[in-house]
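Just so we're aligned, residue 269 is where the sequence shown starts under the numbering used here, counting upward by one.
Careful: at least some of the hints might be erroneous.
[Said to hold, decoys possible] Each computed DSS-like pair below joins lysine-lysine, with the alpha-carbon atoms no more than 27 Å apart:
| no. | residue 1 | residue 2 |
| --- | --- | --- |
| 1 | Lys329 | Lys270 |
| 2 | Lys272 | Lys327 |
| 3 | Lys272 | Lys329 |
| 4 | Lys270 | Lys327 |
| 5 | Lys270 | Lys325 |
Source of the hints: derived by calculation from the structure; they are not laboratory data.
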Amino acid sequence: MKTKFLAGLIATLIAIVVVVGLAVFMVLVLEVEASKNWFTYTAAFVTIAVWLGVYNKLKPKEEDNSEDNSLPPKDA
269 MKTKFLAGLI ATLIAIVVVV GLAVFMVLVL EVEASKNWFT YTAAFVTIAV WLGVYNKLKP
329 KEEDNSEDNS LPPKDA
């Protein structure tokens, strides 16, 4: 990815699709009632995990040149 913003946007869109799919699966297939607390917690943690995974995969790699610039030049 070129920017962190674009990586975050794509991660957000993918996380939304995953959480909606998870909610539909749990309600239609597993027939879970919406009042169950574990449904809410499961959906929240899965969404956070998916978002972090996608964002870390897509964000641009930062080069660490700070060590080279922090040292004073050596006189020979």
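Taking the hints in turn, this is what the structure says about them:
1. Lys329 - Lys270: 10 Å, holds
2. Lys272 - Lys327: Holds, at roughly 5 Å.
3. Lys272 - Lys329: Holds, at about 10 Å.
4. Lys270 - Lys327: 8 Å, holds
5. Lys270 - Lys325: The hint holds at about 13 Å.
Going down the numbered hints, you'll see the structure goes against none, and every one checks out.
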